[in-house]
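Asker: Sequence:
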Amino acid sequence: MENIRVLGKVISSHPQSIEIIPGDLDIWRTPGSTTPFLLVDGHLGVPQKLLYKLYVAAQTIFSSVRVEQRNAAICSALVDITAVILLANPAHQTALNERKKLVQANVIGARDELELLGLLQAAKSHAKESILWAHRRWLLNHLHETESSDALKTEFVAIFQAAEVYPRNYYAWSHWRFCIDAILDVLTVGITDDHLNLLFEQYDRLCLWIEQHISDYSAAHHLTSLVSLVCRLDGDLGASITPRISPSLAFNYVTMLLSRYPSYESLWTCARTITQLESDESARRKMMERLRELSDDNNSWSRLSLAWISQLPTACDARSTFLSANR
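Quick note: the sequence shown uses the numbering used here, first residue 226, plus one each step.
Derived from the structure by calculation, the hints contain no laboratory data. Computed from a prediction, not measured in an experiment: that's the story for all the values here. One or more hints might be untrue.
[Unchecked claim] Distance condition first, Cα-Cα at most 20 Å in a straight line; then the derived DMTMM-like pairs of lysine to aspartate or glutamate:
id: 1; residue 1: Lys378; residue 2: Glu389
id: 2; residue 1: Lys234; residue 2: Glu244
id: 3; residue 1: Lys378; residue 2: Asp410
id: 4; residue 1: Lys378; residue 2: Glu340
id: 5; residue 1: Lys325; residue 2: Asp337
id: 6; residue 1: Lys353; residue 2: Glu370
[Claimed, not checked] Distance windows between CB atoms, simulated:
id: 7; residue 1: Ser440; residue 2: Glu244; range: 20 to 28 Å
id: 8; residue 1: Glu518; residue 2: Glu490; range: 12 to 20 Å
id: 9; residue 1: Arg430; residue 2: Lys349; range: 52 to 60 Å
id: 10; residue 1: Asn366; residue 2: Ser289; range: 28 to 36 Å
Built from N, CA and C at the ideal position, the CB exists for glycine as well.
Sequences and hints are given; from them, build the entire structure.
Answerer: Here's what the structure looks like:
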């Protein structure tokens, strides 16, 4: 129990990073070390063999402690035990539910919990765990911070960090969409410079991400989703956003990438989807002509895209059909 308590407190103290290191402590032990893990310059390393032993013990203790009447000592023990459990098994729903109760009881600060999740999700083994992302959303709603531009900026940092360590991270990108929807919800009520600039910043960051991760289907899909969302806007909000985010601008960017990387399906799919969003018939014809110029007879994805686009109805009908299907 002592090792579990000590490790749990170190995890909860928010070190600069947490890493599960292979082997046992004998491989990594430094002279004079008195702890069963490594803590160097604020970076925590937990030997894998030790962690799994502590996990088995922590589950047994957790089952008995969680049914006891709550007092300060029991709550403190639950904080430490669940931290160790989640480090070993991020899919442990019962441990996460217990931490929700501790957040509601103000034993754990919601912002501290978000910071801890950021540390856990920086590891590849945790970055694509769906219930951790669901836990993040619960915490944001608990704090009523889905409208805070500063809180959303922090979320985008966590998203791109997780997407980097686990490529084509569906759950991280789903959280990205959650955050974008939150920004647009605020802008729909009233345009604020902070949220408008954050939207543009994340659009630019997404474009850069796609340029650096050409085969990331999820990122390409969310680029088209964002353009689609903007196409539905009208009034002052639409007039504020479309000069920076529009089908024509997105198409120009994607075709620029296609000219460099013509063999990537993700880019062809993105280009043909954006073509559907263009409401001007003349502009859409130019898009199709541009795709024909980029077409390579030896590239099956370009041929498929051109065959698909040639069967599209008029621009307005195509755009209407696409927007209806993606509501």
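Asker: State for each hint whether it applies.
Answerer: Evaluated hints:
1. Lys378 to Glu389: holds, 17 Å
2. Lys234 to Glu244: Distance of about 16 Å is within 20 Å: holds.
3. Lys378 to Asp410: holds, 16 Å
4. Lys378 to Glu340: holds, 13 Å
5. Lys325 to Asp337: holds, 12 Å
6. Lys353 to Glu370: violated, 23 Å
7. Ser440 to Glu244: 20 to 28 Å: Given a distance of about 27 Å, which is inside 20 to 28 Å, the answer is holds.
8. Glu518 to Glu490: 12 to 20 Å: holds, 19 Å
9. Arg430 to Lys349: 52 to 60 Å: Given range 52 to 60 Å: violated, Cβ gap about 21 Å.
10. Asn366 to Ser289: 28 to 36 Å: Because 31 Å falls inside the window, the suggested range holds.
Of the hints listed earlier, those the structure fails to meet are numbers 6, 9, in rising order.
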